[in-house]
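Heads up: the protein sequence lines correspond to chains A and B, in order.
Each residue of the first sequence is one higher than the one before, starting from 20 at the first, in my numbering.
Each residue of the second sequence is one higher than the one before, starting from 30 at the first, in my numbering.
Treat the hints as calculated values from the structure; they're not laboratory data.
Among the hints, erroneous ones may be present.
[Unchecked claim] The calculated label-pair distances, taken between Cβ atoms and stated as ranges, are: (1) B:G110 with A:S40: 27 to 33 Å; (2) A:T334 with B:E95: 45 to 51 Å; (3) B:R166 with A:N344: 19 to 25 Å; (4) A:E176 with B:T102: 56 to 62 Å; (5) A:S257 with B:D90: 48 to 54 Å; (6) B:D90 with A:E396: 37 to 43 Å; (7) A:R116 with B:A76: 22 to 28 Å; (8) A:G138 with B:A168: 17 to 23 Å; (9) A:K397 with B:E220: 33 to 39 Å; (10) A:P338 with B:T106: 23 to 29 Å; (11) A:R73 with B:A168: 40 to 46 Å; (12) A:V84 with B:P213: 17 to 23 Å.
Using N, Cα and C, we set each Cβ at its ideal position, and we do this for glycine too.
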Amino acid sequence: MRALVWNGVNDLAVETVRDPSIVNPHDVVLDVTLTVTCGSDLHFIDGYLPGMRRGDVFGHEFMGVVVEAGPEVRNVRVGDRVVVPSFIGCGECFYCRNDMWSLCDTTNPNAPLQQPVLGFPSGGIYGYTHPFGGYAGSHAEFIRVPFADVNCFPVPEGISDAQALFTSDAAPTGFMGADFCDITPGDTVAVFGAGAVGLMAAAGAKLMGAERVIVVDRLDERLELARTHLGAETIDYSDTDSVQEALRESTGGRGPDAVVEAVGMEGHGTGVQEVYDRAKQALRMETDRATPLREAILACRKGGVVSVLGVYGLTDKFPTGVVLNKGLTIRSAQQHGQRYVPKLLQHIADGELDTGFLATHEMPLEDAVRGYEMFKEKQDGCLRAVFRP
Amino acid sequence: MDVTQKAREVVSSAVGAASRVLPGNRGGAGAARQTLTISRSAEDVLAAWRDPLVVSRLLGDLGRAEADGERWTFTLTAGQGATVEAEPVSTTAGVEFRRPGPGAGQGQARDAEDDTEGGRTGPEGSGGAVLLRVGTRPAPRDLGTEVTCEVAPEFSAGVGAVPFTLLYRLRALLLTGEIPTLRPNPSAREEER
Ligand SMILES: NC(=O)c1ccc[n+]([C@@H]2O[C@H](COP(=O)([O-])OP(=O)(O)OC[C@H]3O[C@@H](n4cnc5c(N)ncnc54)[C@H](O)[C@@H]3O)[C@@H](O)[C@H]2O)c1
Ligand SMILES: [Zn+2]
Ligand SMILES: [Zn+2]
Chain A
20 MRALVWNGVN DLAVETVRDP SIVNPHDVVL DVTLTVTCGS DLHFIDGYLP
70 GMRRGDVFGH EFMGVVVEAG PEVRNVRVGD RVVVPSFIGC GECFYCRNDM
120 WSLCDTTNPN APLQQPVLGF PSGGIYGYTH PFGGYAGSHA EFIRVPFADV
170 NCFPVPEGIS DAQALFTSDA APTGFMGADF CDITPGDTVA VFGAGAVGLM
220 AAAGAKLMGA ERVIVVDRLD ERLELARTHL GAETIDYSDT DSVQEALRES
270 TGGRGPDAVV EAVGMEGHGT GVQEVYDRAK QALRMETDRA TPLREAILAC
320 RKGGVVSVLG VYGLTDKFPT GVVLNKGLTI RSAQQHGQRY VPKLLQHIAD
370 GELDTGFLAT HEMPLEDAVR GYEMFKEKQD GCLRAVFRP
Chain B
30 MDVTQKAREV VSSAVGAASR VLPGNRGGAG AARQTLTISR SAEDVLAAWR
80 DPLVVSRLLG DLGRAEADGE RWTFTLTAGQ GATVEAEPVS TTAGVEFRRP
130 GPGAGQGQAR DAEDDTEGGR TGPEGSGGAV LLRVGTRPAP RDLGTEVTCE
180 VAPEFSAGVG AVPFTLLYRL RALLLTGEIP TLRPNPSARE EER
């Protein structure tokens, strides 16, 4: 089959690889209908997240049709049109049973590689770095999905492929981030980052009852999407001396009740701190440029929640004292997709949630290298490049 | 006392306890040890270690086990295919695979007990060196069984902790009926095409 592979830092290619097959009895193989870029991929494409190997098939946000099912699969059938969360759950371990699917205790074949860093390894994810499992990813004609009964969600008729696609990763991540904010009616939630994850966090916050959602980014076309599709207010940080001050002033000096960080380790910053972070990141002395994370912590009101969705490595200069003295609650996770997919599909069916606008560009898989270039460089207003294998 | 100081003490006392109780300090060359909680009964856990087919699945890339009655033969990747003979011996709440040696093969071993540091003192002098040791104790609440695994250095290929690997795979197998694996896994690497 044809697949997009990572051959090195900023070196991608569409190549021919072997087809996946049923390996374990609870597996299915999907014919991938749609698969899409994610900001998380940029971290290893740019070389800031270690653990990829030359030749890896990547991609983790996708939907497709079941073409083969293992002997122990009960709830999913050949021909089913399904969407699959990016993290692989087993449905049986302590974490899956407690709805914390990305923490699954059994699905990471490379758990021993991750244990020295985390102490307690995460679950496996498709098409990501080897400490996260090393599973082949979705930017391919076919993909093997383990534990299909808990990981494949049939898409109801009436919901298009393009709408369902984003319930794999961007939408559940954003909704989880909003959920972490414990929103009560009337709350103000600020969201740093207007990528698909941040926009879905904004959508989630609105649906959960936030009165005001303020999205911060510098890309006008993305802020425009936040205003028109989500009714959010926006701040262009490149046009503001201090985002912290802008947020404080627009909330009567109180600050937002919660702040979602949806930028990650390659966030932009300004000033001395940015120079310091860039230098250290270039020297691989720290993995992160954590400006937006620090800003989120500074901007949040006292006693509020900072919900961290952006992917980070080992940040230094973390403002612990600010967290302590402001009495902040920090919540974070890789997305627990299986917790949210059914609700998200229902919101879409009920007309309360639109995910389709995230797909600004669609192209054949053969053009995926160009798609990543556009996505990475934010060319032509590219928010997400969707590939059709 | 500051936190770093406390952490240092905890680490050094853990390392100290480990070095006092691991089999290596009684004549071997040191072995690693790990505990994981598995939400299954001790019987289920120990039955797995009595089945050479299961043990071979747990070993995977680390080697394989075959049994002829009570005589097991481990073929370990780290030993470049050399074989190690061992015999499973029941302990109070576990099993030990012992190499033939003075006093080996006399059935039930003397109890292995938890010492006050949370480490286990081995069954001194009651058989040959221990190649692999598995112990169980009930986990609190309804969490199942705390399973401890220790291995002799022969297992170690130098990367990844072998006891952790074995227990992770055992937990996966007992909970889901599968061990997570990547073979075959599509990639553009020559050997996997
Ligand atoms: N937790 C999870 O499970 C999970 C899932 C998916 C993605 N992610 C992570 O979420 C983050 C966002 O993902 P995405 O796909 O939306 O990425 P993206 O690259 O499309 O969007 C990131 C946005 O952040 C903006 N930005 C950069 N610096 C900023 C700053 N200082 N202040 C405000 N905005 C800033 C960029 O302009 C961009 O629009 C990434 O780190 C990704 O790895 C996490
Ligand atoms: Zn993602
Ligand atoms: Zn699980």
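How the hints compare with the structure:
A beta carbon spacing of about 29 Å between B:G110 and A:S40 agrees with the range 27 to 33 Å that was offered as a hint. Hint check: A:T334 to B:E95, Cβ distance near 49 Å, so the stated range 45 to 51 Å holds. In this structure the supplied range 19 to 25 Å is violated for B:R166 paired with A:N344, their Cβ-Cβ distance being about 43 Å. For A:E176 and B:T102, the Cβ-Cβ distance of about 58 Å falls inside the hinted range of 56 to 62 Å, so the restraint holds.
Against the hinted window of 48 to 54 Å, the Cβ-Cβ separation of A:S257 and B:D90 comes to about 50 Å, which satisfies the hint. Between B:D90 and A:E396, the C-beta spacing of about 41 Å keeps the proposed range 37 to 43 Å intact. For A:R116 and B:A76, the hinted distance range of 22 to 28 Å is satisfied, since their beta carbons lie about 23 Å from each other. Hint check: A:G138 to B:A168, Cβ distance near 18 Å, so the stated range 17 to 23 Å holds.
In this structure, A:K397 and B:E220 meet the distance hint of 33 to 39 Å, their C-beta atoms being roughly 37 Å apart. Between A:P338 and B:T106 the beta carbons are some 47 Å apart, a value that contradicts the proposed interval 23 to 29 Å. Between A:R73 and B:A168 the beta carbon distance is about 42 Å. The supplied range of 40 to 46 Å therefore holds. For A:V84 paired with B:P213, a C-beta distance near 22 Å keeps the hint of 17 to 23 Å intact.
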